[in-house]
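Undergrad: Take a look at the letters that make up each chain.
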Amino acid sequence: MTNRSWLKGARSRAAIGVAVLGLLAGTTLAVTAGAGATTTSANTKYTITLIPGNTVDPFYITMHYGAIQEAKKLGVTLKWVGATQWEPSVQIPLVKSVLASKPDALVICPTDVVALFNPIDEFVKAGIPVIAVDNTLKNTSILTSAISSDNYQGGEAAADAIAKLAHDKGQVAVVSVEQGVSTTDLRQSGFAYEMKKYPDMKLVALDYDMDSATTAETQTRSILLAHPALVGIFGTNGYSVEGVGKGVDAAGMKGKVFVAGYDAEPAQVALLKQGVINILVIQNPAEEGALGVQYAYDYLIGHKSLIKKSVYLPNVVATTTNASNPKISQYFYKTSA
Amino acid sequence: MPLRLPSALTPPGTVTEGSGPEAEDTERSALLNAVDRFGDFWVLGVFVIMVLVFGLLSPSHDLFTRASWLNISQYAVEFLLLAVGQTFVIITGGIDLSDGAVLGFTGMVSGVVMQDLLSAHANSMLTTVVGFATAIFLGAGIGFVNGFLITRLRLPPTIVTLGSLTAIGAGATPLINGGNEVVNIPSQIGTIGETLIANWVYVPVLVAGVSCVVMGLVLHRTRFGLRTYAIGSNSVGARRAGISVDNHLVWVYTISGLLAGVAGMMVMANFTDASPLSGQNDELNAIAAVVIGGASLFGGRGHMLGTVVGTFIIALLVTGLVLVGVSGSWQEVATGVIVIAAVAGDQVRLRLAER
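Protein sequence lines correspond, in order, to chains A and B. For the first sequence, my numbering assigns the number 1 to the initial residue and increments by one for each residue that follows. For the second sequence, my numbering assigns the number 1001 to the initial residue and increments by one for each residue that follows.
Note that these hints are calculated values from the structure, not bench results. Watch out, some of these pointers could steer you wrong.
What the hints assert, rightly or not - For the chain B half of the interface with chain A, some residues (derived, Cβ under 8 Å), not all of them: (1) Thr1065; (2) Tyr1075; (3) Ala1170; (4) Gly1179; (5) Val1245.
We put the beta carbon where it would ideally sit given N, CA and C, even for glycine.
Same shape as in the complex, but just chain A (with noise of 0.2 Å):
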């Protein structure tokens, strides 16, 4: 999951739709939903069919261009069919449609680790193999592969280079998601774990901003008070590193804290470039797209061997210094694919 945040809140908002809307009118699908789908050919016997947790996510918009290009590449033709929504109840539909279309292969971000055990469950038993990308199932057994981003190792590299710039030492703060939402948590720990190895280091602060960049502002200004020595703050999504940005720059600590976060969109990328984010951590959605289709291909040839069961990809780390670096500037996401 990329955590952008407003597919939590959109999340909860149909979560009221679907509730309320449906029973009151019936057209909950159509208000929330807003299905797209497009479909890139090539002259073969392979249909690859690619769900992404959502249509308009910048992170899945540069993993769907990923996937083209390796689709292209291998001569396959591929199907991208989703909602505009991280939501469950609306890509499970979606799903079943898919299965009736009877695609060779399903590539699919699926948005609940177990809501949607049973309708994958459904193309494995038709003898269609299925990876899942960016998310998982907890059962992992029925699928091919399993591949998403390193989340512990990014908060890693998140600590590693606040170091590098703090000179090894002072009090760094997080400021996170929420609690139990595994990607976020996950760069959580690996952030804190990290920090441990440096004597002269102390994590001195953990907050949730529940998904708000105004929270994560205020929040931010909070622990610079609290904690003058502070030399850094990580983010560990778009939308609390913008607000935890803001927050060092409003208070005039801006080039003295140290801002590191997650992700690369476009705001988030004009903020590096400004110097009040001075570290993001990217992952990597092109290369999963590809590697997805790839193994699907290698599936479907009869090249078993070559797929991973599991596969982490390694982060990117940008720092305001190389953004205009082509070498970084290519990991940064795409608004169309």
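Got chain A; can you put chain B on it based on the hints?
TA: Using the frame of chain A, we list chain B on its own:
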């Protein structure tokens, strides 16, 4: 100014409570008067106690600093603007669940309008003005539609505004600009957000403050305010008294939407971008602030000053708990407890008043 609370908490036109503390009522016991007075002041009391507790517990008393005031007041802006509109709505016995979603939506639409104007090489001053106007008119427009549906189709406010929340927050907003934050807006907007007046007041804080004062005067010193209370106390009675209840309610929801549009602009001024996530769940904080401030969800009661204090209690919880080193999750717990305590205290007070 807290001394004005009592008279205004039982404003003219209130039917459920014919008497304020000033009223000479021999039937009322000394206990009841004491409870009533405590009820009027307890929110302010809670606020003062919280300030002292957080201030004294925080290392080197950071709460009593200029930096802390700047932080808290800036955080309060968007909730304050929403809560001001919500105060009117709740006093009429209604509720506006859509104001947080309207904040996000108006911000995004206005952001896209400004982005397009900038890419068409429009003057950035003009762009900013058009952007502000877009947000305000759009917010007012959505509020008008809410009010229209509630009054003309006789739908419950909960359902109408929940529908708006879903349709706008979950449906429309994520589709604008492909669900991405709008980054290309005039940088002057960010400058406005950062500008300090007399070194102590951010421009958005001033905007929110002026809105509070103006709308507070409207609520407590004009016929419009009087009618707002009258409708909330007894809408049938208000109708019989010749008040155009439906038109009045449309105005009240329009005001709420308009202020959500202003809040959208203030959030944009803070971050110099428009985010589809802005305002998410803000309606809950706004409603909580109004209720903590002494308004009754059954209508007829509430006060602008109470709303301001309620908003600052919520803002203080967020910053105060961080200052004393308590994990942020407790902030939600504390807000919930205070809301329930506020409503419970209110009920006890009403029950005593009925004796």
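Undergrad: For each hint, tell me whether it holds in the structure or not.
TA: Hint by hint, here is what the structure shows:
For the restraint placing Thr1065(B) at the interface with chain A, the shortest Cβ-Cβ distance is roughly 7 Å, inside the 8 Å limit, so the hint holds. The interface hint given for Tyr1075(B) holds, since its Cβ lies 4 Å from the closest Cβ of chain A, which is under the 8 Å cut-off. At a threshold of 8 Å, the smallest CB-CB gap from Ala1170(B) to chain A is about 4 Å, leaving the interface hint in force. Evaluation of the Gly1179(B) hint against chain A yields a held restraint, the C-beta minimum of about 3 Å falling below 8 Å.
At about 25 Å, the closest approach between the beta carbon of Val1245(B) and any beta carbon in chain A exceeds 8 Å, and the interface hint on this residue is violated.
When held up to the earlier numbered hints, the structure conflicts with hint 5 and nothing else.
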